[in-house]
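For the protein sequence lines, the chains are X and Y, in the order given. Numbering-wise, the first sequence is residues 688 to 892 according to the numbering used here. Numbering-wise, the second sequence is residues 146 to 425 according to the numbering used here.
Since the hints were made in silico from the structure, they are not lab data. Be aware that one or more of the hints could be misleading.
[Stated by the list, open to error] Mimicking DSSO-like on lysine-lysine, the simulated pairs with C-alpha atoms at most 30 angstroms apart in a straight line are: (1) Y:Lys-207 <-> X:Lys-888; (2) X:Lys-796 <-> Y:Lys-197; (3) Y:Lys-197 <-> X:Lys-713; (4) Y:Lys-197 <-> X:Lys-728; (5) X:Lys-888 <-> Y:Lys-263; (6) X:Lys-888 <-> Y:Lys-190; (7) X:Lys-728 <-> X:Lys-706; (8) Y:Lys-313 <-> X:Lys-888.
[Stated by the list, open to error] Estimated spans, in silico, between C-beta atoms of each pair: (9) Y:Thr-247 <-> X:Asp-855: 16 to 22 angstroms; (10) X:Val-704 <-> Y:Pro-363: 46 to 52 angstroms; (11) X:Ile-850 <-> Y:Val-277: 44 to 50 angstroms.
All figures in this text were calculated on a predicted structure; none of them were measured in a lab. Ideal Cβ positions, reconstructed from N, Cα and C, are used throughout, including at glycine.
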Amino acid sequence: MGLSADRTRPARSPTRVIKASPDGIKDVTTPLSDADVESLKSGDRVRITGTLYTGRDAAHARFLPLMDEDKPLPFDVRGQIIYYTGPSPARPGMVIGSVGPTTGSRMDKYAPKLLALGLKGMMGKGSRSMEVRAALRKYKGVYFGAVGGAGAVLSRYVRKVEIVAYEDLGTEAIRRMEVEGFPAIVVNDCHGNDLYQEGMKAYAR
Amino acid sequence: MREIHVSAISDAVKKLCMDANWDLGTDMLRAFDRALTTERSPAGKQVLEMLKDNAQMARTQKIPYCQDTGFVVCFVELGQNVHITGGLLTDAINTGVSQGYTEGYLRASIVKSPFDRKNTGDNTPAVIHVDVVPGEHLKIMVMAKGGGCENRSKYKMLTPADGLDGVKDWILECIRTAGPDACPPLIAGVGVGGTFEKAAILSKKALFREIGSSNPDPAVDAIEKDVLERANRLGIGPQGYGGDTTAFAVHIVTYPCHITSLPVAVTIECHAHRHKEVTL
Numbered sequence: 688m689g690l691s692a693d694r695t696r697p698a699r700s701p702t703r704v705i706k707a708s709p710d711g712i713k714d715v716t717t718p719l720s721d722a723d724v725e726s727l728k729s730g731d732r733v734r735i736t737g738t739l740y741t742g743r744d745a746a747h748a749r750f751l752p753l754m755d756e757d758k759p760l761p762f763d764v765r766g767q768i769i770y771y772t773g774p775s776p777a778r779p780g781m782v783i784g785s786v787g788p789t790t791g792s793r794m795d796k797y798a799p800k801l802l803a804l805g806l807k808g809m810m811g812k813g814s815r816s817m818e819v820r821a822a823l824r825k826y827k828g829v830y831f832g833a834v835g836g837a838g839a840v841l842s843r844y845v846r847k848v849e850i851v852a853y854e855d856l857g858t859e860a861i862r863r864m865e866v867e868g869f870p871a872i873v874v875n876d877c878h879g880n881d882l883y884q885e886g887m888k889a890y891a892r
Numbered sequence: 146m147r148e149i150h151v152s153a154i155s156d157a158v159k160k161l162c163m164d165a166n167w168d169l170g171t172d173m174l175r176a177f178d179r180a181l182t183t184e185r186s187p188a189g190k191q192v193l194e195m196l197k198d199n200a201q202m203a204r205t206q207k208i209p210y211c212q213d214t215g216f217v218v219c220f221v222e223l224g225q226n227v228h229i230t231g232g233l234l235t236d237a238i239n240t241g242v243s244q245g246y247t248e249g250y251l252r253a254s255i256v257k258s259p260f261d262r263k264n265t266g267d268n269t270p271a272v273i274h275v276d277v278v279p280g281e282h283l284k285i286m287v288m289a290k291g292g293g294c295e296n297r298s299k300y301k302m303l304t305p306a307d308g309l310d311g312v313k314d315w316i317l318e319c320i321r322t323a324g325p326d327a328c329p330p331l332i333a334g335v336g337v338g339g340t341f342e343k344a345a346i347l348s349k350k351a352l353f354r355e356i357g358s359s360n361p362d363p364a365v366d367a368i369e370k371d372v373l374e375r376a377n378r379l380g381i382g383p384q385g386y387g388g389d390t391t392a393f394a395v396h397i398v399t400y401p402c403h404i405t406s407l408p409v410a411v412t413i414e415c416h417a418h419r420h421k422e423v424t425l
């Protein structure tokens with residue numbers, strides 16, 4: 688689906704607010720609306736259900752000329768979450784192999800442009816640049832942290848996987864993953880907060 | 146003269162690669178448990194519990210602990226009375242890596258050229274360091290080295306005037322700037338002395354020592370403990386969510402150096418600290 692095909696927002700009540708479940712965790716379903724994003728705050732634990740698109744260095748590098756020339760991307764990014772991961776191969780009979788996050792900062796160069804196009808979420812690990820954090824505020828986006836190096840456990844939450852584009856990139860191809868209750872934490876919200884800075888400040892001795 | 150056929154080397158490397166990725170060392174599992182007794186941060190504790198769960202699942206289901214199954218770094222001790230037959234040592238190691246990664250459903254993460262960036266498809270080649278030693282044995286130590294933490298490794302040429310305090314501050318600076326990006330709790334492998342390349346290689350080799358063990362040199366052991374204690378006061382914590390467990394260990398290996406130099410290399414290693422070894 689090209690970006691130019693449909694400019695309408697994903698169907699979602701614009702006033703919905705994500706509240707924490709009794710266990711203190713916020714249940715997030717995709718696609719995300721501005722209101723969804725606004726109701727998430729750094730440090731919030733979340734469970735994500737719905738669709739995640741995987742993409743990392745090589746796929747983002749291919750996005751860049753497309754975005755510069757205003758051409759459609761391989762999937763409609765509006766309301767979606769890109770998960771920075773390159774999964775390990777699935778064993779026969781398994782949905783996917785190990786599927787933890789990679790370092791988000793390597794995608795800093797591309798993220799503001801994707802957020803301008805309507806991308807709502809990114810998930811990875813590690814700090815983002817000031818430019819990305821400014822873009823999260825400007826376009827209302829959120830950066831989730833998944834636990835790096837917990838790829839085996841995280842594979843439990845993936846129900847279905849299909850390659851959407853760039854199959855030649857192997858592990859770096861874009862995959863559409865259907866997930867249920869995928870655990871993450873809000874690192875950077877759309878209000879300018881940063882879990883890493885807050886956490887370090889709280890525990891530095 | 147003892148003969149070792151290349152097929153024995155390939156078979157050994159294949160198994161080491163698979164085991165390293167599935168079976169996190171018991172020293173690491175003990176480090177998780179120790180940290181759970183001291184960590185104050187609830188988010189940090191949740192991360193540590195998840196990592197224990199992850200290690201268990203990786204071992205029992207033979208799914209890699211981390212999807213980044215690493216660059217294979219191989220340290221070889223070749224007894225000088227060993228004659229390798231049937232081919233070349235490096236080819237034998239790379240055959241083992243290829244078989245281990247393909248048959249073990251491990252990720253291929255190596256590109257052939259840093260510029261064209263085309264994946265080699267089987268995680269070869271390995272980075273191989275060979276030391277010739279006395280004897281008739283062949284020891285192979287394999288590490289699956291993650292890329293995210295490797296990207297935060299650093300090198301600095303200090304001066305003799307910078308001294309021990311300068312070395313400590315630099316290691317701490319490396320841990321601080323690695324921060325949440327390198328998947329803490331971290332391990333810092335440190336090479337001090339030698340030349341530019343010697344210090345870097347020693348910083349990798351330092352990682353093979355058992356986590357939680359003391360440095361055989363009491364003076365260096367005191368340095369390690371001091372830097373580790375300071376690192377864990379930084380507040381970065383597991384995954385950088387804030388907490389008391391920023392590093393599990395600081396391992397230092399030294400080498401004589403030039404009167405003008407004080408080289409310090411710091412390899413940053415994540416909690417997915419995967420290595421195995423065998424002696425043939």
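We went through each hint and held it up to the structure:
1. Between the alpha carbons of Lys-207 (chain Y) and Lys-888 (chain X) the distance comes to roughly 38 angstroms, so the proposed pair goes past 30 angstroms and is violated.
2. Between Lys-796 (chain X) and Lys-197 (chain Y) the alpha-carbon distance is near 34 angstroms, which puts this suggested pair outside the 30 angstroms criterion.
3. Only pairs whose Cα atoms come within 30 angstroms are accepted, and Lys-197 (chain Y) paired with Lys-713 (chain X) is accepted, the gap being roughly 24 angstroms.
4. Distance restraint check for Lys-197 (chain Y) and Lys-728 (chain X): the Cα-Cα separation of roughly 27 angstroms lies within the 30 angstroms cut-off, and the hinted pair is therefore satisfied.
5. Note on Lys-888 (chain X) and Lys-263 (chain Y): the hinted pairing is violated, with a Cα-Cα distance of about 42 angstroms set against a maximum of 30 angstroms.
6. Distance check on the hinted pair: Lys-888 (chain X) and Lys-190 (chain Y) sit about 17 angstroms apart at the alpha-carbon level, within 30 angstroms; holds.
7. The hinted pair formed by Lys-728 (chain X) and Lys-706 (chain X) meets the criterion: a straight-line CA distance of about 11 angstroms does not exceed 30 angstroms.
8. Taking the CA atoms of Lys-313 (chain Y) and Lys-888 (chain X), the gap is near 22 angstroms; set against the 30 angstroms cutoff, the hint holds.
9. For Thr-247 (chain Y) paired with Asp-855 (chain X), a C-beta distance near 18 angstroms keeps the hint of 16 to 22 angstroms intact.
10. The beta-carbon spacing between Val-704 (chain X) and Pro-363 (chain Y), approximately 59 angstroms, falls outside the hinted interval of 46 to 52 angstroms.
11. The beta-carbon spacing between Ile-850 (chain X) and Val-277 (chain Y), approximately 47 angstroms, falls within the hinted interval of 44 to 50 angstroms.
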